[in-house]
Structure formats: structure tokens, C-alpha cells
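*Asks:* Given next are the chains, with one letter for each unit.
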Amino acid sequence: MTERFSRDRIIGILVLLPSIILVGIFVYGFIVTTIYISMTDSNTVQQLSGTQPNFIGFQNYTTLFTATVDAGRFRTDLVNNVFFTILFIIACLVIGIGLAILLDQKIKGESLFRTIFLFPMALSFVVTGVVWRWLFNPTSGLNALPTAVGLPAFQFDWFISQDQWLKFNWQSLPTIIAIILLGVVIFFALYFWSHKRSQLAAFVTGIAILLLASLALDIPSRFNGLRNPEAKGFNLALLAVVVAAAWQMSGYTMAMYLAGLRGISDDLREAARVDGATEFGVYRYVVFPLLQPITLSAIIILGHISLKIFDLVFVMGGGNNIQIDMPGINMFFTTYRGGQTAIGAAIAVIMLLMVAVVIVPYLWSSLRSEVQH
Amino acid sequence: MAAQTLPSRSSSGTTRKIGRIVIYALLVILSLVFLIPVYMVLVTSFKSLGEVNLATMWQLPSSLDFSSFGEALNELSPNFANSLVLVVPATVISAVIGSLNGYVLAKWRFPGANIIFPLMLFGMFIPYQAILIPLVQFLSQIKIIFNPANGQWTSLYGSIWGLILVHVVYGIPITTLIFRNYYAEVPNEMIEAGAIDGAGFWRLYWDVVLPISLPGFVVVIIWQFTQIWNEFLFAVTLIVNPASQPITVALQNISGSQIVAWNVQMAGAFLAALPTLLVYILLGRYFIRGLLAGSIKG
Numbered sequence: 032m033t034e035r036f037s038r039d040r041i042i043g044i045l046v047l048l049p050s051i052i053l054v055g056i057f058v059y060g061f062i063v064t065t066i067y068i069s070m071t072d073s074n075t076v077q078q079l080s081g082t083q084p085n086f087i088g089f090q091n092y093t094t095l096f097t098a099t100v101d102a103g104r105f106r107t108d109l110v111n112n113v114f115f116t117i118l119f120i121i122a123c124l125v126i127g128i129g130l131a132i133l134l135d136q137k138i139k140g141e142s143l144f145r146t147i148f149l150f151p152m153a154l155s156f157v158v159t160g161v162v163w164r165w166l167f168n169p170t171s172g173l174n175a176l177p178t179a180v181g182l183p184a185f186q187f188d189w190f191i192s193q194d195q196w197l198k199f200n201w202q203s204l205p206t207i208i209a210i211i212l213l214g215v216v217i218f219f220a221l222y223f224w225s226h227k228r229s230q231l232a233a234f235v236t237g238i239a240i241l242l243l244a245s246l247a248l249d250i251p252s253r254f255n256g257l258r259n260p261e262a263k264g265f266n267l268a269l270l271a272v273v274v275a276a277a278w279q280m281s282g283y284t285m286a287m288y289l290a291g292l293r294g295i296s297d298d299l300r301e302a303a304r305v306d307g308a309t310e311f312g313v314y315r316y317v318v319f320p321l322l323q324p325i326t327l328s329a330i331i332i333l334g335h336i337s338l339k340i341f342d343l344v345f346v347m348g349g350g351n352n353i354q355i356d357m358p359g360i361n362m363f364f365t366t367y368r369g370g371q372t373a374i375g376a377a378i379a380v381i382m383l384l385m386v387a388v389v390i391v392p393y394l395w396s397s398l399r400s401e402v403q404h
Numbered sequence: 064m065a066a067q068t069l070p071s072r073s074s075s076g077t078t079r080k081i082g083r084i085v086i087y088a089l090l091v092i093l094s095l096v097f098l099i100p101v102y103m104v105l106v107t108s109f110k111s112l113g114e115v116n117l118a119t120m121w122q123l124p125s126s127l128d129f130s131s132f133g134e135a136l137n138e139l140s141p142n143f144a145n146s147l148v149l150v151v152p153a154t155v156i157s158a159v160i161g162s163l164n165g166y167v168l169a170k171w172r173f174p175g176a177n178i179i180f181p182l183m184l185f186g187m188f189i190p191y192q193a194i195l196i197p198l199v200q201f202l203s204q205i206k207i208i209f210n211p212a213n214g215q216w217t218s219l220y221g222s223i224w225g226l227i228l229v230h231v232v233y234g235i236p237i238t239t240l241i242f243r244n245y246y247a248e249v250p251n252e253m254i255e256a257g258a259i260d261g262a263g264f265w266r267l268y269w270d271v272v273l274p275i276s277l278p279g280f281v282v283v284i285i286w287q288f289t290q291i292w293n294e295f296l297f298a299v300t301l302i303v304n305p306a307s308q309p310i311t312v313a314l315q316n317i318s319g320s321q322i323v324a325w326n327v328q329m330a331g332a333f334l335a336a337l338p339t340l341l342v343y344i345l346l347g348r349y350f351i352r353g354l355l356a357g358s359i360k361g
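Note that the protein sequences, when read in sequence, are chains H and L.
Heads up: the first sequence begins at 32 in the numbering used here, then just goes up one per residue.
Heads up: the second sequence begins at 64 in the numbering used here, then just goes up one per residue.
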């Protein structure tokens, strides 16, 4: 019996083997190759003439972060991507939970509403991009909507807007990051202190003092490798991409939250109501705490989508609009239009690292909790 | 349920009624906002070329004009066919592989599976830019397509077969995940009962597991169909010849050009969206299940 079972287990491994090999080559093998290419000077001219690329170490990465060619396009991409990611996640979470709460009120025709809020998920980002490009027409489109009810037309150039908020100099970025970190650390110190976890509070306060000291000594600015000032900021044109992307993806967060809300029993809420909680209080003290794990999952899923965003921006900007340019677009154009394979590979590796930072802990924790069950 | 409201809140009847009205009003307004792009696609694509202009962008067409659909079909129908040729085999193969993998991982646990499975899953989250350059090099080295016209062998790069291979391979993680979670719900007793009757690996799969797999297949097929139909990065990188490109790339091409009028672009967007939209409307329940599979485990 056991003998036959172990034979069947070997058949099982053999069935899985081709997939393991394919993923091994196409994911891990290719990632290693990309990392290697990013450390060479490989380009299309070399490939056509058959010359071997030279190994140049981390030079391409230094170029991306410090070279002044093309006005630091890659650095703009990173800034764009960070602002886009933050706004996109906030928009999807707020709209998603709002829709989910509305739909959770025992609504007649719930499935119709759900269908309407979720259908954009079935579309391609390319379709979304084409349609919203037309809607974002500055002289008409969405801007003209208020005139239907007699209001003045809205004035905003959407994805071709040149306006910029929160302007800063890239050279002071290390200092800015240190200040933001300091704020976060102080927040946690206060949090731990108020929750009477004095050891952690003392530890975090220690970090805060170190950060403060390094700021006082102007240490962070030494991490800047850029020679000349370079203006960066939040390009308002990104709002157009946020609107289109949130239109497409907020139904997804709605579906996640709705699944979570349906998992919270009516008895639990009724118990809170009997205890005198208002409808708002039921959400504040019973429902929202239970939805926290879903919020975390949603942030991770949305975050990794926005870090990789490509198609939507490609269609809206076509790679020619630096205001909404993203690392994924830059990689494509650098590699396949500019012929600079190695620099494209370096951008791809940085993208992979950004996604891995978000995804690896998520995979780790969700599979570990599964084992515990 | 309603009877359980506390008697102390005597005015709660009217407050409740007002609350309900507000909730429905909000839902209707939000629905209308979500449907703005649909309205725009429909009114624009049913206008004639002469009627498409910025001043009357929001107005209904004065008469239904189908010429933009004719022109969009003319432009895009070869690419629509390419997408079908791509999506159907890629989806079917993905589903079969996913089902077998899921069966192994759920019912024939072996040492090391706990390491291999997460390593596999990571493959569905990576930015595909990180594998794109070696992928193109690899595909252009695999010369296995025979062209009878000139008697030469060409590579997978630039061919729809290469794209099918790519979608099958990068679909392995998600299809395996969905089937693994699906089969995990199947009681082990069912397998063991079959095993006592003398059935082996394949017999158990064929007689016990496969007959109850239909919902799993529906979820995976819908998921892969939608993903592959909508995909853009691989399509635009791997297929250079416009005649072989899938519909998403062709749609981006006509939208990028200044020559193609807006009514044709909107009709094209409608065409490109139609198959996945139909699937969603007809089988929405399974679509949502696939959607959540990527985020919520088990």
C-alpha cells in the first residue's frame, strides 16, 4: 500500500517537474540574466555587430541615479511612480470601502450595482487609456461636464498639464527622506509610549535621536551623488492617470471589502447595537478593525500593480510625455527604441527590487499563516 | 431583523427611511459616474465622422451611424482574429497544466513543496520587464517554425506561437494557485477511498478529481482568457509585424495615430472590450472568484 503510494507521489513530482523547470528558467534564470546584462555595456549596436559586451559593474545604476543626460528621466519616473502609487492606493481604498459599505446595506438590485462598479476590471488598460484620453480632452471632455448644469467649465489640462506641486531639488532627497523617516519614528515612539511598551519606545526614541543628530550634522546630504540641482515635484498630469486607474481598479477593492464584510456575522453587529453603539460606532469599533487584514492585502496588490504600471501610461502618454512617465515605460523605450539594452536591464532590476520589497514579505506571511492553520 | 431595532429610538422609522433614500441616491449617482466612459464610447462610436467634434462631444448622435464600426472592423478584425488564435490555445493549455499542478500540490504533498510553491507564486507578481530582455533573446534562438513559402525555419520571436508559450509559462503560478486552493477543499477521504479500491495517480485524477473540477476550470479559464486578451507588454514587445499583432496593440496603434478619427477609435475600443465584457456579464460570479484568488488565500 505505502509502496504504491510513494510510487504515485513520484509520478506527482514528475507531473510538476516541467512547470518547475519552466518557471525556474523563465522567471529565475531570466532574472539572473537580466541582472548580469545590467552590469554590462550591452546595446543594440554591439548585438548587431556581434561584439561581446563588457562587464562594467554597477556603472549603469550610477548613471541612472547621477547622470545629467535626458534631465534625469529615470529620477523623474521614480518621483512620478511614488506619487502615483500613493494617490492610486488611497483612491482605490476610499472608493472601494465606500462602495462596499453602501452595497452591504441589504440593497435591492445589489448585483446590478456590483456589476456596474466592477465591470472596468474586465477591460484592458489599453481600452481604458484610449477612452479616458478622449474624456480628458482639455477643451471639452470631462472639463465641459459642469456646463451641463450651468456651471463654468472646469479648467485643467489633465494628462498634458505642465503644473507641478511640492517642488523639491533631487539633491536634497536624502535629507527629505531622513526628515520623513524621523516623523515616522517619532510617531511610533509616541505610539509605543502611549501603549506602555517602554522598551520599544526607548529603542525607537534612540533611533529618532540618531536620525536627528545625523540631520544636524548634515550627514544625509552626503548620499547625494548629483552635481547640479534638479527640480522635481508632483506633476499634476498624474491625476489623470490616477482617475483612469482608480476607475478601473476600485471595483476590485470593493469586491475584496465586500467579501470581508460578508464574513462578519450579523449577530456580532447586532450585539454591538444592543450595547448601544450607533451605526457609525458599529463600523468604527466592530467592522473596520476586522477589515484591517483586507486593507493590508489590498495595499500590497494595488501597490505592486502601480509599481509595474505600463499599458495605461503607454496609451495615455505614448512614452513621449515626461509628466506621466514611469519606470516601466522608460525601460521599454530605453531598451527597444533607444537600443540601450544594459540600461533598460538596470531599470528593470530596480523595478523588480521595488516590487520584491512589497511582495516577498506578503507571500512569506500569508503562506506561513496557511501552514499554521 | 427590522423588528430588532431598539424601541427607545422612536423616530428611527423616519430616520431610517431618509437613510435608505440617501444610500440609494448615492449608489445611483456613483453608478452614473462609473458609466460616464461607457456613455462616451457609445455616443461617440454611433456618430458619423462629420458629427464628431469637441463642441458636441457629450451630445447624443443625431442619428445612429454604424460607419465607424464598419471602419473599426476593417482596421481591427485581423487583429481580433489574432487575439482569438492566441487566447484559445493559451487558455486551454494553462488550465490543463494548472489543474494537474494543483492536484499534485493539494493531494500528493512531497518534501520541499512548501519551498517550491511560494517560489512559483513569486513569478506572478514580478514586473515582466525584469525577464523581457532574456526572453526576447531566448525566443529568437528557438527556430522551430517552418515557413513553407520560402522553405526556411523562423524563430518563435515575432510569432503568435511564441506568445502562446509565454502566456502559458507565466500563467503557471496563478492557474496552479487557483486549482491548488480549489482541490484543497476536496476531502482527502475521497482520494483515499479511491486509493483503497486500487486506483493510482492518474486513475484518481481521472475518476475522482476531474469530474468535480468544472467550477475550478471555469474560474481559471475566465481568468486566463481575460488576462491574455487584455495583455499588452508581451504583445507589443514580442510581435513586431503589425499583421500578427493582437488587438490591444492594434488598438493602441490606431489610437496613437492622428489619422484615425475618434468615432473609429471608440468603436475599436468597444470591439476590443467586447469579448471580456461578455464573459464578465455572463459569468461574473466566477470572474470575481478568480479576482479574489490572487489576493486572498484558501
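Source of the hints: derived by calculation from the structure; they are not laboratory data.
One should not assume that every hint holds.
Below are the PhoX-like pairs computed for lysine-lysine, each with C-alpha atoms no more than 25 angstroms apart in a straight line [said to hold, decoys possible]:
(1) L:K206 - H:K139
(2) H:K137 - L:K80
(3) H:K137 - H:K198
Looking from chain H toward chain L, a few residues come up when the C-beta cut is under 10 angstroms (computed) [said to hold, decoys possible]:
(4) P49
(5) L133
(6) F144
(7) W163
(8) Q230
(9) E310
Glycine residues also receive a C-beta, built at the ideal position from the N, C-alpha and C atoms.
*Asks:* So, for every hint listed, does it hold in this structure?
*Replies:* Comparing the hints with the structure gives:
1. L:K206 - H:K139: violated, 58 angstroms
2. H:K137 - L:K80: holds, 14 angstroms
3. H:K137 - H:K198: Not satisfied, since the Cα-Cα distance of roughly 47 angstroms exceeds 25 angstroms.
4. P49: Since chain L brings a Cβ to about 8 angstroms from P49 of chain H, closer than 10 angstroms, the hint holds.
5. L133: Since chain L brings a Cβ to about 5 angstroms from L133 of chain H, closer than 10 angstroms, the hint holds.
6. F144: holds, 5 angstroms
7. W163: holds, 7 angstroms
8. Q230: Result: violated, 33 angstroms to nearest chain L Cβ.
9. E310: This interface hint holds because 8 angstroms falls under the 10 angstroms limit.
Of the hints listed earlier, those the structure fails to meet are numbers 1, 3 and 8, in rising order.
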